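Chemist: Combine the two chains into a complex, taking the hints into account.
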Amino acid sequence: MMTWFRRGADEMLDTGTDPRIAEALETLDPASRDANYWFRFHGGVMAGAASELARRRMMARLTIVDVMASWSRTVVPTAMLAAAVAALILVRAGSGALGVSAEDVLAELPGEPVPVLQESNAAVIFASFGPDNF
Amino acid sequence: MSDPPADGELVRLARDGDEVAFGLLVKRYQRPAYAVALSVTGRHEDAEDAAQESFLVALSRLEECRSPERFGGWLMTIVRNRSKNLIRRESLRETEQVPPGARSSAPTPDKVAENIELRSLLEEALARLPEVQREIVLLHDMEGWKHREIAERLEIPSGTVRSHLHFARKALRAALGEVPGVPEILRKAQ
Numbered sequence: 054m055m056t057w058f059r060r061g062a063d064e065m066l067d068t069g070t071d072p073r074i075a076e077a078l079e080t081l082d083p084a085s086r087d088a089n090y091w092f093r094f095h096g097g098v099m100a101g102a103a104s105e106l107a108r109r110r111m112m113a114r115l116t117i118v119d120v121m122a123s124w125s126r127t128v129v130p131t132a133m134l135a136a137a138v139a140a141l142i143l144v145r146a147g148s149g150a151l152g153v154s155a156e157d158v159l160a161e162l163p164g165e166p167v168p169v170l171q172e173s174n175a176a177v178i179f180a181s182f183g184p185d186n187f
Numbered sequence: 011m012s013d014p015p016a017d018g019e020l021v022r023l024a025r026d027g028d029e030v031a032f033g034l035l036v037k038r039y040q041r042p043a044y045a046v047a048l049s050v051t052g053r054h055e056d057a058e059d060a061a062q063e064s065f066l067v068a069l070s071r072l073e074e075c076r077s078p079e080r081f082g083g084w085l086m087t088i089v090r091n092r093s094k095n096l097i098r099r100e101s102l103r104e105t106e107q108v109p110p111g112a113r114s115s116a117p118t119p120d121k122v123a124e125n126i127e128l129r130s131l132l133e134e135a136l137a138r139l140p141e142v143q144r145e146i147v148l149l150h151d152m153e154g155w156k157h158r159e160i161a162e163r164l165e166i167p168s169g170t171v172r173s174h175l176h177f178a179r180k181a182l183r184a185a186l187g188e189v190p191g192v193p194e195i196l197r198k199a200q
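Those protein sequence lines, which keep their order, are chains A and B. Add 53 to a position in the first sequence, counting from 1, and you land on the number used in my numbering. Add 10 to a position in the second sequence, counting from 1, and you land on the number used in my numbering.
Between beta-carbon pairs, the in silico distance windows are:
1) A:Ala100 with B:Val142: 28 to 34 Å
2) B:Asp26 with A:Ala132: 32 to 38 Å
3) B:Gly169 with A:Val118: 53 to 59 Å
To be clear about the criterion: a stretch of chain B counts as covered by chain A if any three or more of its residues have a C-beta under 8 Å from a C-beta of chain A, and this derived list gives those stretches:
4) 28-36
5) 46-60
6) 65-74
7) 173-186
These are calculated hints, taken from the structure and not from any lab test. None of the values given here were measured: they were computed from a predicted structure. Heads up, the beta-carbon is just placed ideally off N, CA and C, and yes, glycines get one too.
So here's chain B without its partners, still in its complex pose (with noise of 0.2 Å):
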């Protein structure tokens, strides 16, 4: 069986067009691209525009690539800006048009759910941890990269990723543990 196509090789292919090729190469970030989205972001609807908006936005400029061996990071780069303009955009949105305190934190319904009151603690969690921490737990324990595969792609030093990763899920544990009701929760969503 041979070896899955280099990232290289995808964006040679996908310059020329190749519906394929690239097709592969979403197949390959969209979970990564919409972790670092997520991050930044904080909101699943946002991340997932953001996430979608870079691919095309990577693709028209696929010639700027000038390392299409890391493909990943050049588009990780682009995910993280989109996603910064978006919430600029949105804030700017807000103040103009909603009244203060109209997109409110307060539970609805459907969140009586287990599994959706966690997402919502961890939401919160996550937004409190500063941006390069959330995008190196979400890539890690969310999308199972390894130390050096985001040391590569966020081009930052492995030691770095590492003390990140520590430092982020130090103050996770310590914000689920925090809130009455979090352990239990986590006990019965594993």
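Here chain A stands alone, though its shape is the one from the complex (with noise of 0.2 Å):
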């Protein structure tokens, strides 16, 4: 049923090879004016797209430690740079301006308890529990 459906929508359409107007419209294949026609549009468009598959297959070809490679050729003397600067900051700020040395920023603060984190017999109470643990 679906089949004869299509097959007389078909017919109806007209939509089946037409020689009379494919014939004509071969005259507006610019190959029938000039025989090497396509030869040379590919020409034009593989000639327009080289420099890009050139950097394409240069993409392809890096591999990631060639990324990290050229990443670090640019961070690490960033770093070094900053690093350099930092310490340069710092030596000048022991020197002088705040007139604040390491050892007074360590040094204890009278008065101030020193924290005991265990007492001495503490392992002996627990250890007192230790056989009514199960």
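Modeler: The structure is reproduced here in structure tokens:
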């Protein structure tokens, strides 16, 4: 039923090959005037695409190591420069302006109690509960 | 003998800069791209420029082609858009620079040859068709694409392709038939 319907629709719609129109439309094909037209068209596109294809080939050859290496070439000198600048600032700060030395900063404040992390008999107390643990 | 490589495979190779793969894609789609461009611009020179540009744009944007297996349809969308941009630019330029009537449609001496006359008549007849019908009739009757291929690549139902083709041909026959001398030219061309 469906096949019959489809075949009927195709016949009604005239969608097969029409040699008369196809023949007429051939005159619009540039190759009808110039036999080498498509060869030249292809060559023109390929010439225009050469640089982009070369760029893509180069990108495809790059490995992760190459990317990391190129990245480190920029980052390592920048980090070293930043470290040097930071050291210079620290040295300058230490030598004068604030007058605070490292010893001053690290010294204990008088009167502060020293924190006791564990009393001497803590292990004994824990051990005394040992047998009750299941 | 092995099957020709599928579009998807060629696109993946071309993404890595494979010249042969891209060359095969160009060879496979240069004629349909030209036909689509001609259906939009209606002029050989513009169609040629738009089709060539479209391949270069497609290459630079290959990563945006999400379904490499459907490269053909994706390329035709680029061709259509480039062609529309080109005629928009040209019409702007003509409005700004060229005095009205300078681009005459009067026959030039070289148009006396019969095939040139027929081409000119065809171009006029095609110009009167809706864009989608022009595109379908050129892809089917000039490039030999099947209904199914056109439907897949233009992303429209196959029945719609058949219907457009039918009405396009009907209009073309009527347009060519009503011009005095055309049946004779067609007969000689055959």
